[in-house]
Each structure stands twice: as structure tokens, then as C-alpha cells.
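Chemist: If you want the building blocks of each chain, they are given just below.
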Amino acid sequence: MTMNRRQFLRGAAAGAVAVVAAPTAEATPFGPREPKQLPPKAVGMLYDSTLCVGCKACVSACKQANGMPAEQPEQLAAWNEGTWDTAEDISGKTLNVIRVYQNGTMEQKDREKDGYAFVKRHCLHCVDPSCISVCPVSAMRKNPETGIVTHNPDACIGCRYCVYGCPFNVPQYQFDETFGQIAKCQFCNHLQKQGKLPACCDVCPTGASLFGLVTELQAEAQRRLALKPGEMTEFPRGKLGGDRPGHEAPVGHYQPHLYGEHESGGTQVRYLTGVPYQKLGLPELPGQSYASVSEGMQHTLYKGMVAPLALLGGLVVLARRGVKQNEDASNHDEDPPNHDKDQQP
Amino acid sequence: MTAITHQPLGGKVFTKSFLILGLFVLIGAYFILRRFLFGLGDVSHMSNGYPLGVWVAVDVVVGTAFGCGGYAMALLVYIFNRNTYHPLMRPALLSGVFGYTLAGLAVMIDLGRYWNAFNLLLPWYAQLNSVIFEVALCVMAYTTVLWIEFWPAFLERMPLAFKQRFNLDRLQVFLKRYLFLFIGLGVLLPTMHQSSLGSVLLVMGSKLSPLWYTSWLPLLFLTSALAMGYGVVLLEATLTSRGFRLPSESALLTPLSRIAAGVLALFLIVRFGALLAGGHLGLAFAGDVRGNLFLIETVLFLAPIVLLASPTGRASQRRRFLAAVSLLAGGSLYRIDAYLMAVNPGNGWTYFPSAPELMITVGVVCLEIMLYLLFIKTLPVLPGAHQT
Ligand code: SF4
Ligand code: SF4
Ligand code: SF4
Numbered sequence: 105m106t107m108n109r110r111q112f113l114r115g116a117a118a119g120a121v122a123v124v125a126a127p128t129a130e131a132t133p134f135g136p137r138e139p140k141q142l143p144p145k146a147v148g149m150l151y152d153s154t155l156c157v158g159c160k161a162c163v164s165a166c167k168q169a170n171g172m173p174a175e176q177p178e179q180l181a182a183w184n185e186g187t188w189d190t191a192e193d194i195s196g197k198t199l200n201v202i203r204v205y206q207n208g209t210m211e212q213k214d215r216e217k218d219g220y221a222f223v224k225r226h227c228l229h230c231v232d233p234s235c236i237s238v239c240p241v242s243a244m245r246k247n248p249e250t251g252i253v254t255h256n257p258d259a260c261i262g263c264r265y266c267v268y269g270c271p272f273n274v275p276q277y278q279f280d281e282t283f284g285q286i287a288k289c290q291f292c293n294h295l296q297k298q299g300k301l302p303a304c305c306d307v308c309p310t311g312a313s314l315f316g317l318v319t320e321l322q323a324e325a326q327r328r329l330a331l332k333p334g335e336m337t338e339f340p341r342g343k344l345g346g347d348r349p350g351h352e353a354p355v356g357h358y359q360p361h362l363y364g365e366h367e368s369g370g371t372q373v374r375y376l377t378g379v380p381y382q383k384l385g386l387p388e389l390p391g392q393s394y395a396s397v398s399e400g401m402q403h404t405l406y407k408g409m410v411a412p413l414a415l416l417g418g419l420v421v422l423a424r425r426g427v428k429q430n431e432d433a434s435n436h437d438e439d440p441p442n443h444d445k446d447q448q449p
Numbered sequence: 006m007t008a009i010t011h012q013p014l015g016g017k018v019f020t021k022s023f024l025i026l027g028l029f030v031l032i033g034a035y036f037i038l039r040r041f042l043f044g045l046g047d048v049s050h051m052s053n054g055y056p057l058g059v060w061v062a063v064d065v066v067v068g069t070a071f072g073c074g075g076y077a078m079a080l081l082v083y084i085f086n087r088n089t090y091h092p093l094m095r096p097a098l099l100s101g102v103f104g105y106t107l108a109g110l111a112v113m114i115d116l117g118r119y120w121n122a123f124n125l126l127l128p129w130y131a132q133l134n135s136v137i138f139e140v141a142l143c144v145m146a147y148t149t150v151l152w153i154e155f156w157p158a159f160l161e162r163m164p165l166a167f168k169q170r171f172n173l174d175r176l177q178v179f180l181k182r183y184l185f186l187f188i189g190l191g192v193l194l195p196t197m198h199q200s201s202l203g204s205v206l207l208v209m210g211s212k213l214s215p216l217w218y219t220s221w222l223p224l225l226f227l228t229s230a231l232a233m234g235y236g237v238v239l240l241e242a243t244l245t246s247r248g249f250r251l252p253s254e255s256a257l258l259t260p261l262s263r264i265a266a267g268v269l270a271l272f273l274i275v276r277f278g279a280l281l282a283g284g285h286l287g288l289a290f291a292g293d294v295r296g297n298l299f300l301i302e303t304v305l306f307l308a309p310i311v312l313l314a315s316p317t318g319r320a321s322q323r324r325r326f327l328a329a330v331s332l333l334a335g336g337s338l339y340r341i342d343a344y345l346m347a348v349n350p351g352n353g354w355t356y357f358p359s360a361p362e363l364m365i366t367v368g369v370v371c372l373e374i375m376l377y378l379l380f381i382k383t384l385p386v387l388p389g390a391h392q393t
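Residue numbers (my numbering), protein chains in the order written: chain A, 105 to 449; chain B, 6 to 393.
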């Protein structure tokens with residue numbers, strides 16, 4: 105070892121400054137990692153809020169298909185006499201809900217002022233999911249073909265960082281269970297494996313929840329956005345390009361924004377809405393997943409573990425000297441008597 | 006130079022305050038039992054809007070920062086070769102041992118599927134991109150390293166015959182010879198996971214207020230952990246010298262307080278630099294809860310720097326004590342804010358810990374203090390009478 109302490113420390117400091125100052129332009133110490141791309145055969149859902157009639161057939165079908173119990177929040181129990189499932193939001197017992205936007209007199213559907221609108225809430229099956237990025241034990245996985253984000257309770261340790269980190273607050277831990285688990289829409293993976301449709305898309309009477317390939321759904325959404333509001337057009341049901349008959353209905357007054365095309369690096373569930381998406385509780389997000397930001401940091405610092413190992417090497421060398429000098433310093437004085445016998449030859 | 010001899014303090018272990026602490030531990034244990042019988046929701050107010058509560062924010066994120074005394078001193082003593090500080094090393098290490106071990110206990114209480122916790126160590130489940138994965142492994146490794154670094158204190162206390170019988174004297178020699186390896190690890194691991202506790206928050210994006218969210222979070226968490234580590238040493242030294250009427254280590258604490266203030270200043274420069282560059286500083290004066298929390302933190306961080314600015318300030322035991330308390334309060338608030346209070350999951354979610362939830366945290370902290378007292382009384386931890 106020819107390098108001395110001072111050189112190492114100076115070098116380490118210079119290295120730190122270099123890492124830190126490299127991309128000074130943005131004044132950030134690191135760049136994000138490359139965004140993830142949509143898998144080739146990605147399946148997804150187009151939810152068209154203007155087509156949704158709020159019947160909640162999808163909510164009960166989802167419960168049945170996934171064996172989830174009915175849910176009755178206390179404040180509504182008296183009103184419904186315990187008969188109906190009245191979940192207000194997704195929870196440990198509910199993977200999917202229809203929520204309502206209400207304003208003023210609620211005269212007209214899909215109008216921001218004095219109107220109302222529906223929105224469906226469940227996992228969006230992100231292209232670059234935060235839940236996968238944070239999970240320490242790979243309990244969240246994304247199918248490389250279909251892009252479906254599944255959850256494996258046998259791997260999950262219940263740390264709830266997926267709940268914390270998901271930009272859409274989707275994963276839900278069952279806090280009221282002794283042995284709770286994470287509940288999350290897995291796009292009815294078990295049904296899809298049998299060649300069936302996700303239950304919610306299967307039962308939707310208006311095609312508001314439409315299943316299909318993401319690329320084709322994207323084209324369908326763009327077709328709808330290009331049409332004139334009020335014009336009659338054909339809307340498919342169940343699966344886009346499937347053999348089920350569609351229905352004819354007037355084109356909605358769409359906001360010119362397909363939610364999920366870019367949000368958080370893109371999602372496989374996308375939304376067309378009549379009122380601004382912010383009003384429907386859909387968060388405003390940048391076109392890049394925060395997962396890519398956090399992983400960019402990790403990859404900068406820990407690439408091949410080179411930096412940590414180099415640092416460890418330097419630290420060990422310095423520590424060795426430190427310990428030795430320490431001993432020398434103490435050995436000037438007589439050893440405490442009870443330590444004498446401990447010395448080995 | 007004087008030889009450092011550590012000596013057990015001796016004295017009664019089961020004092021009144023010890024028993025009062027024990028009472029809180031029992032109350033905590035009762036609620037911990039309930040948590041395992043009836044689930045997390047039975048004792049805590051955590052929700053799917055705030056899935057992490059005080060157990061993570063306080064026991065783990067703040068608790069490990071309090072446990073950074075050993076890390077901060079090892080950096081100084083062995084890496085920057087400031088041998089003079091060596092007498093402060095072992096008590097600092099001991100608080101690290103308990104800070105980290107009990108953070109581990111809190112994690113086991115907090116994990117929603119604790120029976121799967123072992124999966125963290127199974128390579129086929131490992132998720133290398135996960136910051137939490139790195140934190141978990143580093144913290145486990147560092148806790149082990151801390152116990153190893155502290156192990157000589159046990160060995161010194163054991164009767165020689167006993168050691169020879171179980172070959173522990175060889176172990177002692179082995180540890181002595183390779184101590185530098187563990188010291189190297191003992192500096193690397195906290196550097197990694199304390200900065201990573203900041204990286205964890207990078208995924209929060211717009212859920213975290215811009216007053217806390219910056220790409221500099223890793224550096225901010227690292228520097229604040231170091232500053233808190235020195236703060237803990239200052240506090241501990243003052244408390245033990247007062248509480249047990251030991252001679253004060255003023256000659257060491259005066260320069261140490263200067264280092265603490267320096268690291269803290271570095272933290273503030275990075276924090277304000279990033280806020281100015283990002284143009285978010287204005288939010289501090291918005292008059293809302295988050296803005297005010299930020300201002301309180303800033304006052305708590307500036308106070309130690311002001312208190313310790315002059316040589317007379319640093320020489321005064323009282324000022325050092327106040328500065329350490331303020332630094333630790335500021336650092337704790339910073340961490341709790343970043344993990345909880347500055348987080349807004351939207352949708353009207355709010356969080357305030359329940360009484361049982363808090364009692365578990367209190368119980369864990371009390372257990373930590375009890376064990377610390379027990380150890381310094383029965384094991385050679387504190388610097389004893391100097392032999393010249
Ligand atoms: S919406 Fe949330 S839970 Fe679903 S894939 Fe995206 S990050 Fe994961
Ligand atoms: S709660 Fe489970 S699925 Fe979610 S991040 Fe933790 S281990 Fe992964
Ligand atoms: S895809 Fe399946 S699990 Fe997901 S919301 Fe629809 S019915 Fe529920």
C-alpha cells in the first residue's frame with residue numbers, strides 16, 4: 105500500500121465531489137435510470153368514464169371472481185341494513201370500486217360544474233411500477249409478456265412499502281386481520297390464464313371497462329378522442345376485437361387527455377374522462393416513474409458494488425493503522441494488571 | 006497519553022428509575038402481545054394512506070440515527086486517526102448496539118407478515134433494485150458488527166479460567182487482531198444504509214412535500230445521521246458524568262462539539278442549497294403545517310450552531326448539552342417529518358398515532374435505556390479512573 109491516509113481521504117472526497125457535481129446542469133447528484141418499455145404483448149384496460157353508468161356490476165363481479173368479502177363501512181351500515189356491499193374505496197377487502205364525482209346540483213353527467221361523473225379505481229398495472237421497485241422480496245412481479253403486475257403473499261413480508269410508494273395508493277394491507285396480507289387487483293390473472301376476460305370487463309354492460317391489447321386500446325382511445333362529441337359511434341364490449349356485439353352510443357365530451365399514456369412512465373390501464381382527471385382523484389404525475397429516479401440513484405452508487413468495495417478497502421486499511429497507532433499509544437503505559445495474563449506469546 | 010481502561014460503574018441495578026422504566030416496558034409488552042393476537046389495526050392507527058407509522062419513523066429511522074454514535078466516533082478515531090477520542094468509543098458503541106438491536110425488534114413488530122421475514126435472506130426472493138432490501142441487509146449486518154465490536158467488553162469481564170475453558174481467550178486474541186476489518190465494515194455499512202434511508206423516499210415523488218423531497222435526500226440523511234451520532238455522544242457524556250458524578254470529559258467534548266456543529270452546518274448548506282436551486286424555499290413561509298414544521302426544524306438546527314459558535318460556548322458544559330439536545334430534537338423531527346408528517350397521500354388521509362401504538366414505541370425506548378444502564382453498571386464500558 106503506497107497510498108497514505110491523507111491521499112485516500114483526499115481521493116475519496118474528490119470522488120464524492122465528482123459524483124455529486126457531475127450533472128450540475130440539473131443540480132441533481134444523479135440521473136434516473138432508463139425508463140421501462142411496454143411489454144410486447146401487454147394487455148390492458150380502457151376505462152371510459154363517459155360510458156360508465158355507475159351500476160357497479162364490475163365491483164360485485166370482482167368480489168366474486170377473487171373471493172373477496174362484502175364490505176360495509178360503519179357509517180353506512182345503518183342505511184343499508186347490512187345487505188349491500190358499500191365499499192367507498194379500495195381496501196383490504198375490495199380490489200375495485202366505482203367512485204362518484206359530485207358538484208353542485210349534479211344536473212348533468214360528465215360535467216365539471218353542477219354535474220357528476222364516475223371513476224373506477226384499481227391497480228393500473230404500471231409499465232414501470234413503483235411497487236415492484238420498492239419490494240425487497242420480489243413479492244410484486246410483472247409478467248414480461250403481458251405486463252400484468254401480480255402479488256405473491258408467500259414471499260411478502262408485509263413491510264407495506266408498496267402501499268407507501270405506489271403513486272396511485274393501490275396496494276392495501278389488511279390491517280384488521282391477525283395475519284393480514286396485501287390486497288391488490290392482479291388483472292384477474294387466474295381467469296386470463298384460462299382464456300377468460302377479467303371479471304370487471306366481462307360483466308360491464310356498456311364497455312366502459314374494455315379489455316384488450318394496450319396498443320390496440322391506445323388506438324381505440326385515439327379514435328374516440330378524434331370523433332365529434334354527440335356523434336353516434338360503435339362502442340365495443342368485453343374485449344376489444346372480440347366477438348361480442350358492441351353497441352351504438354353518442355360520443356362523450358372528452359377531456360383531450362388519455363390518462364395513463366404517459367403518467368408515471370405509462371400504465372396499462374388508461375382512462376378517458378369527461379371531467380378533468382384531477383377532479384376524479386387521479387393524481388398528477390410526471391411522465392417518468394419515480395421508481396426510475398430512485399433506482400437511478402441506487403445504480404449510480406452501487407453499480408457492480410465497485411464504489412462500496414473500494415470504500416471498504418480504503419476504510420479497512422485506515423482502520424488497521426488507526427488500531428495499531430492506538431495500541432502503540434496505549435502500550436507506552438503499563439498495562440492494567442488484570443490484562444497481563446491475557447497476552448498470548 | 007494515558008491508557009484507556011474501561012470499568013464497570015457498579016452500584017445498584019434495580020434502582021427506582023430502573024423499575025419505573027420496567028413498568029413502561031411491561032405496558033409496551035402488553036400491546037405488543039395484542040398486536041400479535043389481533044393484528045396491526047388493533048393497536049395502531051396506521052392505514053393504507055399512512056401504511057408506515059411511528060414504529061418505522063421513530064424506532065427505526067430516528068432510533069438508528071441515535072445509534073450512530075458508534076459509527077460517528079469510529080470514523081473519527083480510526084479513520085481520521087483522532088486517538089484522543091478513544092475513551093468515548095465504547096459507550097458510543099453500546100448505545101449503537103441497543104439503538105440498532107431494538108430497531109430490529111420494532112421492525113419485527115411492524116412487519117405485517119413477520120413469519121415471512123426470513124425471505125429477506127433467501128437469494129431467490131432478493132430484489133436488488135429495492136432500496137429497502139439494501140437497508141434491511143445492511144442494518145442486519147451492522148447490528149452483528151456492532152455486537153462483535155462490543156464483544157471485548159464481555160470478554161474483559163469474564164474470569165480467565167472460564168475463558169480458557171471455552172477457548173474464549175483465543176477468540177479475544179482473534180478479535181483483537183482482526184478488529185480493523187470489523188471497524189472498516191462498521192463504517193461502511195452505516196454510510197450505506199443511513200444514506201439509503203434517504204433514498205427510500207425518492208420513490209415518494211409528489212407524495213412528499215418539496216420542502217423535504219430532493220435528490221439530495223441520501224446525502225441529507227447521511228449527514229444528519231452523523232451529526233446526530235456526535236450529538237448522542239455529547240449528550241451521553243454529559244448525562245453519565247452528571248448522573249453518576251464522574252469527572253467530565255470536557256477536554257474531549259469541547260473539540261467534539263465543534264465537529265458536531267461542522268457536520269450540522271454541512272447538512273444545512275446542502276439542504277438550503279437544494280431548496281434554493283429547486284425554487285421551493287418559499288413553501289417554508291406558506292403558514293401551513295408543513296411549512297411551520299420546516300421552520301421549527303430549521304430553528305432547532307441553527308440553535309446548536311449558534312450555541313457552539315464561540316470557544317467559550319464550546320467549553321461550557323451547559324451549552325454543549327443544550328446544543329446536543331437541540332440537534333437531536335431537530336434531527337428527529339426532520340426524520341419523522343420526512344417519513345410521516347410531510348407525506349401527503351391525498352384522498353383526505355390523515356394519521357396520528359394511537360395511544361397503544363405510542364406505548365409500544367415508549368416501551369422499546371425504555372427497554373433501550375434499561376439495557377444501557379444495566380450494561381454500563383456491570384460491564385467495562387465507561388472510561389474508568391485513568392492510570393498514568
Ligand atoms: S398502480 Fe400501484 S400497485 Fe399497480 S402496478 Fe402501479 S405501482 Fe404497482
Ligand atoms: S408489503 Fe409485501 S408486496 Fe409490499 S413491498 Fe412489502 S414485501 Fe413487497
Ligand atoms: S381485473 Fe379483476 S381484480 Fe382487477 S378490478 Fe377487474 S375484476 Fe377486479
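Please keep in mind that the hints were generated in silico from the structure rather than gathered at the bench.
Given the structure is predicted, the values throughout are model-derived calculations rather than measurements.
Backbone N, C-alpha and C define an ideal beta-carbon position, used for all residues, glycine too.
Hints may contain errors.
As the list claims (entries may be wrong) - Computed cross-link-like contacts, SDA-like style, restricted to lysine to any residue with a CA-CA straight-line distance of at most 20 Å: (1) B:Lys181 / A:Asp432; (2) A:Lys428 / B:Tyr183; (3) B:Lys212 / B:Ala291; (4) A:Lys428 / B:Pro157.
Claimed, not checked - Facing chain B, according to a computed beta carbon distance under 7 Å, are these residues of chain A, among others: (5) Met172; (6) Ile261; (7) Tyr265; (8) Ala423.
Chemist: Next, verify each hint and record whether it holds.
Modeler: Against the structure, the hints come out as follows:
| no. | hint | in the structure |
| --- | --- | --- |
| 1 | B:Lys181 / A:Asp432 | holds (14 Å) |
| 2 | A:Lys428 / B:Tyr183 | holds (11 Å) |
| 3 | B:Lys212 / B:Ala291 | holds (18 Å) |
| 4 | A:Lys428 / B:Pro157 | holds (17 Å) |
| 5 | Met172 | violated (15 Å) |
| 6 | Ile261 | holds (5 Å) |
| 7 | Tyr265 | holds (5 Å) |
| 8 | Ala423 | holds (4 Å) |
Consistency note: the structure conflicts with earlier hint 5 alone.
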